[in-house]
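Once you've looked at the hints, dock chain B against the given chain A.
First to last, the protein sequences are chains A and B. Residue numbers are given in this note's numbering: position 43 of the first sequence equals residue 53, and the series is strictly consecutive. Residue numbers are given in this note's numbering: position 9 of the second sequence equals residue 19, and the series is strictly consecutive.
For the record, the hints were derived by calculation from the structure and aren't laboratory data. Misleading hints may appear alongside valid ones.
Since the list gives no way to pick out one identical chain from another, each pair is judged satisfied if it fits inside one copy or across any two copies.
What the hints assert, rightly or not - Distance condition first, Cα-Cα at most 20 angstroms in a straight line; then the derived SDA-like pairs of lysine to any residue:
| hint | residue 1 | residue 2 |
| --- | --- | --- |
| 1 | 73 | 221 |
| 2 | 104 | 94 |
| 3 | 104 | 65 |
| 4 | 130 | 52 |
| 5 | 104 | 91 |
| 6 | 15 | 37 |
| 7 | 201 | 51 |
| 8 | 73 | 159 |
| 9 | 187 | 213 |
| 10 | 73 | 104 |
| 11 | 104 | 128 |
| 12 | 130 | 142 |
| 13 | 67 | 151 |
| 14 | 201 | 47 |
| 15 | 104 | 75 |
| 16 | 67 | 146 |
| 17 | 201 | 59 |
| 18 | 104 | 16 |
This one's a predicted model, so the numbers in the text were calculated from it and none came from an experiment.
Number of protein chains: 2
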Amino acid sequence: MQVGKPILYSYFRSSCSWRVRIALALKNIDYETVAINLTKDGGQQFSEEFQALNPMKQVPALKIDGITIGQSLAIIEYLEETRPTPRLLPRDPKKRAQVRMVSDLIASGIQPLQNLSVLKQVGQENQLTWAQQAITSGFNALEQILQSTAGRYCVGDEVSMADLCLAPQVANADRFKVDLTPYPTISHINKSLLALEAFHVSHPCRQPDTPPELRA
Amino acid sequence: MQVGKPILYSYFRSSCSWRVRIALALKNIDYETVAINLTKDGGQQFSEEFQALNPMKQVPALKIDGITIGQSLAIIEYLEETRPTPRLLPRDPKKRAQVRMVSDLIASGIQPLQNLSVLKQVGQENQLTWAQQAITSGFNALEQILQSTAGRYCVGDEVSMADLCLAPQVANADRFKVDLTPYPTISHINKSLLALEAFHVSHPCRQPDTPPELRA
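The shape of chain A in the complex, shown without the other chains (with noise of 0.2 angstroms):
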C-alpha cells in the first residue's frame, strides 16, 4: 500500500493531464507533479519505466491510495467516489448524464482526434486542417448542446467534469488557431472558468514543466 502524496504523472501542455490537475486543485488534494515530457527524448513516455506504469503510453497517471490509474476520466470518477467535496458530478441523475455526454463528447469525440501520436500519423503538411476539422466538427455539436444544459458552466450553475473538459480542449481549439466566433456558448464558459482559481493553477503555463518562455 503506498503511503504519502499522490503522484500525478502529467505534461504541462497535455489537455488530458489538466482535467486531472484540475479536479485536484478544485478538491485541495495535494499532490506531486512527475513530468512526462511528450516531445523530449523521443516521448518520455516511450520509456521503459513509464510504460510499465501506464501500458498506454500516455499522461495523465496518477498513483494513489495504492494504485495507479491511467485514463483522466476514470481518474476524476475515482477522485470524486474518493474525495466528494466539491462534487464534481450534480445528485441528479439525468445532469449527471448530461455531465458525462459532454465530457465524452470531448474526451471521446474531439480530443483523441488532435491529440499528438495522430497527428504524427496524419503528417506534417495535414496536421492543421486535420485538428481544426476535428475541434471544429465536435464545437458545432458541443455549441448546441450547451445551449440546452448550460447555466454559468457546461451544465447548471456549478463545475462540473464537464467544465473539467471544456477549458482544456478550447485551449487545444487556440492553439489550433480554431476561430470560436461560431460558438458563443463555448466561449462564454471557458471565460467564466479560466477566472476561477483550480483553472488558474493548474494552467499549462504554470506547471513545473512549463518551459520557461510558454511562462504565464
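Using the frame of chain A, we list chain B on its own:
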C-alpha cells in the same frame, strides 16, 4: 415527460451501439430500436431530424425517462444509476476505477480512431492500415492491463462496463483483420463474453436492421 419504452437509436454494426444493447439486455430493459443507417442515403445520421436529437450525428442515442442521452458510456452510467441490477460497476471504488480505465481506453483510445468518419478522412487506400494500427496499439496496452485486472472477465469474475466495450472492439478488430494471436487474455475474455445470452441477442448479426446476408 416521455412515457413508454425507451428508444435506442442504433446501427447494427456500430460497436458503440452494441455496448448499449448489451447493457439493456443485461439489465432486462425492454426497448424499441430505431435504426440509423450510417451508410445509406449518404448517412442517415446526417438528417436534420437526427441531428436535432444528437448533434454529434452519431449512434447510439437513447431516449429514456424524458431525456435523450448521447455517448455510449454516459448512457451506460445512467442506466447503472437508475437501474442498478445487475450491477455493471463493482462496489469497490478501486475496482470501479479499473473498469472505467479499461472502458475509457477502448472508448477514447481505440474506437474513435477507427470509426467510420475518421476512416473516410484517411482515404480508401489507407483505411485498413490505419485501423489496424489504432487497434493493435490499443490492444498492446489493453492486454498488459488485463493481465493484472482480469478474472473470468475484464475486471474480476463479474461482467462489467469494461466487458461491454471489449467484445464490440474485438468484433471491430476481426473486421479489420487484426491478428489476435498476441492477445490471449483479450481473446479468452471475449470468448467467455460471447457465450453469454446478453451478448448473443445484442450481437450485430441479430439486429432488426441487420441485412439478411449478414444475419446469423
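Outcome of the hint check:
Taking CA atoms no more than 20 angstroms apart as the test, residue 73 paired with residue 221 passes in neither setting, with 25 angstroms inside one copy and 47 angstroms between copies. Taking CA atoms no more than 20 angstroms apart as the test, residue 104 paired with residue 94 passes in both settings, with 19 angstroms inside one copy and 15 angstroms between copies. For a Cα distance limit of 20 angstroms, the shortest separation of residue 104 from residue 65 across copies, 18 angstroms, qualifies, whereas the shortest one inside one copy, 34 angstroms, does not. Only within a single protomer do residue 130 and residue 52 lie at most 20 angstroms apart by alpha-carbon distance; the minimum there is 12 angstroms, versus 30 angstroms between protomers.
In this assembly of identical chains, residue 104 and residue 91 lie within 20 angstroms of each other by CA distance both inside one copy and across copies; the values are 18 angstroms within and 10 angstroms between. Proximity of residue 15 and residue 37 under a CA criterion of 20 angstroms is satisfied intra-copy only: 14 angstroms inside one chain copy versus 39 angstroms between copies. For the homomeric pair residue 201 and residue 51, neither the shortest alpha-carbon distance inside one copy (35 angstroms) nor that between copies (40 angstroms) is at most 20 angstroms. For a Cα distance limit of 20 angstroms, the shortest separation of residue 73 from residue 159 across copies, 16 angstroms, qualifies, whereas the shortest one inside one copy, 33 angstroms, does not.
Taking the shortest alpha-carbon separations for residue 187 and residue 213, only the intra-copy value of 19 angstroms comes in at or below 20 angstroms, while the best inter-copy value is 42 angstroms. Proximity of residue 73 to residue 104 under the C-alpha cut-off of 20 angstroms is restricted to the inter-copy arrangement: shortest distance 12 angstroms between copies versus 31 angstroms within a copy. In the homo-oligomer, the alpha carbons of residue 104 and residue 128 never lie at most 20 angstroms apart, since the shortest distance is 34 angstroms inside one protomer and 30 angstroms across protomers. In this assembly of identical chains, the alpha carbons of residue 130 and residue 142 lie at most 20 angstroms apart whether taken from the same copy (15 angstroms) or from different copies (16 angstroms).
Taking identical chains as interchangeable, the C-alpha atoms of residue 67 and residue 151 lie at most 20 angstroms apart only when they sit on different chains, with a minimum of 8 angstroms there against 30 angstroms within one chain. Taking the shortest Cα distances, residue 201 and residue 47 never come within 20 angstroms of each other, neither inside one copy (28 angstroms) nor across copies (39 angstroms). Proximity of residue 104 and residue 75 under a CA criterion of 20 angstroms is satisfied inter-copy only: 9 angstroms between copies versus 30 angstroms inside one chain copy. With identical chains, the CA atoms of residue 67 and residue 146 are at most 20 angstroms apart between copies only, with a shortest distance of 14 angstroms across copies and 27 angstroms within one.
Taking the shortest alpha-carbon separations for residue 201 and residue 59, neither the intra-copy value of 38 angstroms nor the inter-copy value of 32 angstroms comes in at or below 20 angstroms. In the homo-oligomer, the alpha carbons of residue 104 and residue 16 lie at most 20 angstroms apart only across protomers (15 angstroms), although the nearest pairing inside one protomer, at 32 angstroms, exceeds that limit.
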